[in-house]
Amino acid sequence: MSSKKRNVYIVGIGIISPLGYGIDATEQALRKNESAIAPLHVFAIQQPPPLPVGQVLNLPDLTFPRTHRLAITAARQAMEGCTHPPDAVIIGSTTGGILTTEELLASQDQDAHNYRYHGLTTVAEEVAREVQCSGQALTVSTACSSGTVALSMALKMLQSGKAEWILAGGVDSLCHLTYFGFHSLQLVDPQGSRPFDKNRQGMSVAEGAAMLLLSTTKPQKPLGQILGCGLSCDAYHPASPHPEGKGASRAMQKALDNTALKAEAIDYINLHGTGTIENDRAESKAVRSIFPQPPPLSSIKGATGHGLAASGAIEAAIAAICLQKGLVPANTGCRQPDPECRLTPILQPVDLPISTVLSNSFGFGGNNACLVIAQPDLFSSPEPVVQSTSLTLLGKACITGAGHTQQSMERFSQGETMAGAVDLETISAQLPVRKVRRLKRFSRIALALADAARKDSGLDHSPHCVFMGSGWGSLSETYDFLDKLQQSQEQFPSPIDFVGSVHNSAAGQIAIMHEATGANITSSGGDYSFEQALLAADTFLDRDDRSNSAFVLAADEAHIQFSSLLDPSIEPATPLTDGGGCLSLCRQAMPGKLSLQLTFFRKKTTTVMDELITASGGKETLQRSCRMILAGIPAAEAKEGQAQLDSFLEKSGLTIPVIHYREFTGEFASASAVAAVMAVHLMESSEIPSREKILVLGFGKNVTCMEFGRQQN
Amino acid sequence: MDNLTEELKKRLIEILNLTDVTPEEFDENAQLVGGELGIDSIDVLEIVVMVEKDYGVIINNKEIAEKVFSTLSSLADYIRKNSPK
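The listed protein sequences derive, respectively, from chains F and W.
Position one of the first sequence corresponds to residue 294 (this note's numbering), numbered consecutively onward.
Position one of the second sequence corresponds to residue 200 (this note's numbering), numbered consecutively onward.
Please keep in mind that the hints were generated in silico from the structure rather than gathered at the bench.
Backbone N, C-alpha and C define an ideal beta-carbon position, used for all residues, glycine too.
All the pointers check out, no bait thrown in.
Taking CB as the label site, the calculated pair distances span:
#: 1; chain 1: W; residue 1: E224; chain 2: F; residue 2: T356; range: 50 to 58 Å
#: 2; chain 1: F; residue 1: P342; chain 2: W; residue 2: A229; range: 38 to 46 Å
#: 3; chain 1: F; residue 1: Q586; chain 2: W; residue 2: G233; range: 32 to 40 Å
#: 4; chain 1: F; residue 1: Q779; chain 2: W; residue 2: G233; range: 29 to 37 Å
Covered stretches of chain F (in silico footprint by chain W; criterion: 3 or more residues with CB under 8 Å from a CB of chain W, positions within the stretch not fixed):
#: 5; stretch: 527-541
#: 6; stretch: 722-736
#: 7; stretch: 776-787
So that you can see chain F by itself, here it is in the shape it has in the complex:
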């Protein structure tokens, strides 16, 4: 991997928000300083009056759920005039196909085919299909910072040379879950959001999408340059920001450090500014801690509403528009700035040449992400840190139908299945009762995994970062929330279930329990969710970072109503199975320790097996160094997956043992996380020579490869 400096340019922008479609409409709306927030009419509700929301009008009628339609439309805009497909697509989303799922559940539809676009990963997959990207289609879900985290990940991948063109952004559609969920938390301003106003009462839930085509190849007319990013986690509370804004200020400082710019070099701050009393207060403190004399600043959420996962990408797009047009947008809706915040937001749009923008995004789970966006070529990207290519294994843990790690590996060693869903008491046995009382199955599995992996590592300090994958997230909370909502004619949804339903709630809980204040990313990639989490870890774990260890895990919960409707590998008669696996990893090389590397992650194509063999060092290297294969073929992909495996074996000439790991783990999206623990167990317990490796291969819609080996002296 080269350590060449690579500037990351914004080549194309697609933006759809309540302000309109595209750059021009958005700019015009910002200049008018009018709020687009209006009473909900995207879907019907049973208890009027409808609350004010930010909604997108005249959305093209595609045969997809609303989130997908928003994302595809924005992607088309961003790719306009670009003739070759991006190397990767990265989407930040929290809603996926939920609006459609809500309608299906309400009509008691039991046809699994109709739920096929529920998963978050399907948004990235469909966008990738639309723009003919055959590379990685990745999804991050970190609540309201998702869009910014997606762009941060794209930035890091481009800077390190892992890709040259990436289409990245965020999207969310309005849905019952977020509309009623935020209302149940009493976070919605009945008069519409007015960030930083003395009389503000909350946010306005909104929808939208923004996609940015980014490249390290300078286009003729770059629309801006992304200079740096900063991620952090409050590790404080599942839904409230740290009252002193400590996590937020850490993320801002990290973003500045990442660019090597001083605070004085920032010309405009695009605030997260949701309009909730707590966010705006905490963000003000954070801003003042970094900027004793803040530059012009504003939140645009009084105009757009809060587009959740879309908001960070929408605001990054707006930052680029502001740089291009010399515009500082107003803090729409704010009449009397709250004296307690001691910030003076811009109240009317101002024409002002600006060179640099800091854009803030914060979300549930204490998830903070900041970007620095600048005029092209004024500043250079920092030199990327040269990274060793593998990660060092410190500890491991898994949960399966057999129980915890020891029971699971005993079964595996005896050649018996670990499939099944172990009872909640067994999962929670080592967890503090009071601290997990609000958590349902998915979060408890995740917490138990992190706890066990930390203990297994034998280290007295905890990993600083969390990279978590899940195919389906918190199914229990999502189902229970929607069920109570429907049972009560939309009157009494559960606030606890809403907070728990967010995809990254489990990773946020891990951060709280282990005081993990570094990057905290939840990825979702169907059957490749663990591989996506590992890819995120590989992208963000720098060697020179003193906080350079991480929990990398994936988990899924079995759910009696949802599992067979959502997961195509699970039939109604399939025994319910769940669990997951967790590795604690660091970037530092430690001779003799086991190491792990994600060497391959591609969408299936006709040439994918040749590419896999090349990425693994070629036929000879494979034959010399591979001792065993753990192969993952999801039941829904049985025929195709087997053909892929056969093709790999034939092309590589490998004649080593192949274990079909789903025969042991059972069918669930995070099975590959358990397979990773199986590989570590085999490396530790069997006589595998120090230079030989185990491959964990994933087949089906994607082809993935994780190599487990031993670090050499």
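Based on the hints, put chain W in the right spot on chain F.
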């Protein structure tokens, strides 16, 4: 000890999943929010929903809520005074 207080103890244990607390151990005069039980703002909102659903009493004002949720007794008093039943 009145019935409403006892009923509320059971309801709170149930909806907040306080599995390690018995109604007998639940002190109705102890600080409810931020006290020993670890009840926080999200739990308060869950109780708000329950109180409206089961007792028809709406608590949507921050100042009132602070008083109402100081102890379980004060919550019971508020429900008693404001219940439409």
